[in-house]
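These protein sequence lines are chains R and E, in that order. First residue of the first sequence: 407, per our numbering; consecutive thereafter. First residue of the second sequence: 648, per our numbering; consecutive thereafter.
Since the hints were derived computationally from the structure, they do not count as laboratory data. Keep in mind the model is a prediction, meaning the values are calculated, not measured. The beta carbon of each residue, even a glycine, is placed where N, CA and C say it ideally should be. It cannot be assumed that every hint is accurate.
Keeping only pairs whose Cα atoms sit at most 16 Å apart, straight-line, the calculated EDC-like set for lysine to aspartate or glutamate is [as the list claims (entries may be wrong)]:
#, chain 1, residue 1, chain 2, residue 2
1, R, Lys-476, R, Glu-460
2, R, Lys-507, E, Glu-748
3, R, Lys-507, E, Glu-677
Using C-beta positions, here's what the derived DEER-type ranges look like [unchecked claim]:
#, chain 1, residue 1, chain 2, residue 2, range
4, E, Ser-731, R, Pro-445, 21 to 27 Å
5, E, Lys-718, R, Glu-447, 21 to 27 Å
6, R, Glu-421, E, Ser-731, 38 to 44 Å
7, R, Gln-415, E, Gly-700, 37 to 43 Å
8, E, Thr-652, R, Asn-430, 18 to 24 Å
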Amino acid sequence: TQLLEQSPQFLSIQEGENLTVYCNSSSVFSSLQWYRQEPGEGPVLLVTVVTGGEVKKLKRLTFQFGDARKDSSLHITAAQPGDTGLYLCAGDNGYSDSWGKLQFGAGTQVVVTP
Amino acid sequence: NAGVTQTPKFRVLKTGQSMTLLCAQDMNHEYMYWYRQDPGMGLRLIHYSVGEGTTAKGEVPDGYNVSRLKKQNFLLGLESAAPSQTSVYFCASSPGQGFYEQYFGPGTRLTVT
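Next comes chain R alone, as it looks inside the complex (with noise of 0.2 Å):
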């Protein structure tokens, strides 16, 4: 059962453009990070969010937990080809016999070409 749901699947920007990625669940997570994977590699955390409503800046990346916190977007400002990968959300789910472990979605496949 995948906890996390990610959408778009896939998402191809020209460089330049804004993009945003949402992580969105049913379930309430005490905690949430972003990963981001390139081709070969394993995921490198991003960010972490514990607060809800809380709002994260990392340079171009905007990252924001619900209020709720069952769901959590990632806003690039100006993509650059740079920003390329597979970016994936995690959640711990620290209200149940899963705490602890994280729960990961299915990824967001992000291409900016030049």
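Since the structure of chain R is provided, determine the placement of chain E on it from the hints.
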């Protein structure tokens, strides 16, 4: 620091063969994890360990066994490989659970024919 390393990077097995994947981390992390990644499925937890000498089942443990005899190493075994185990396997480690960052290895691509 090398971080998290995995051996081998690629492997092809015939159905019924066995093999062991080795994961090593040099960050003195207590927690280690084995995931598999399949297209459209994201990362799924196979087994994990909360410390030397301990292991526990994750979401998809059937057909796999693990051991953590030393804190820095976490081994994943396939006793009798099946085509359904064709996947990319990732090892990860973290200093804690939940909101702590997980550090991933580069992955092992396994094909079972």
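For each hint, the structure was consulted:
no., hint, verdict
1, Lys-476/R with Glu-460/R, "holds (12 Å)"
2, Lys-507/R with Glu-748/E, "holds (11 Å)"
3, Lys-507/R with Glu-677/E, "holds (14 Å)"
4, Ser-731/E with Pro-445/R: 21 to 27 Å, "holds (24 Å)"
5, Lys-718/E with Glu-447/R: 21 to 27 Å, "holds (25 Å)"
6, Glu-421/R with Ser-731/E: 38 to 44 Å, "holds (40 Å)"
7, Gln-415/R with Gly-700/E: 37 to 43 Å, "holds (40 Å)"
8, Thr-652/E with Asn-430/R: 18 to 24 Å, "violated (35 Å)"
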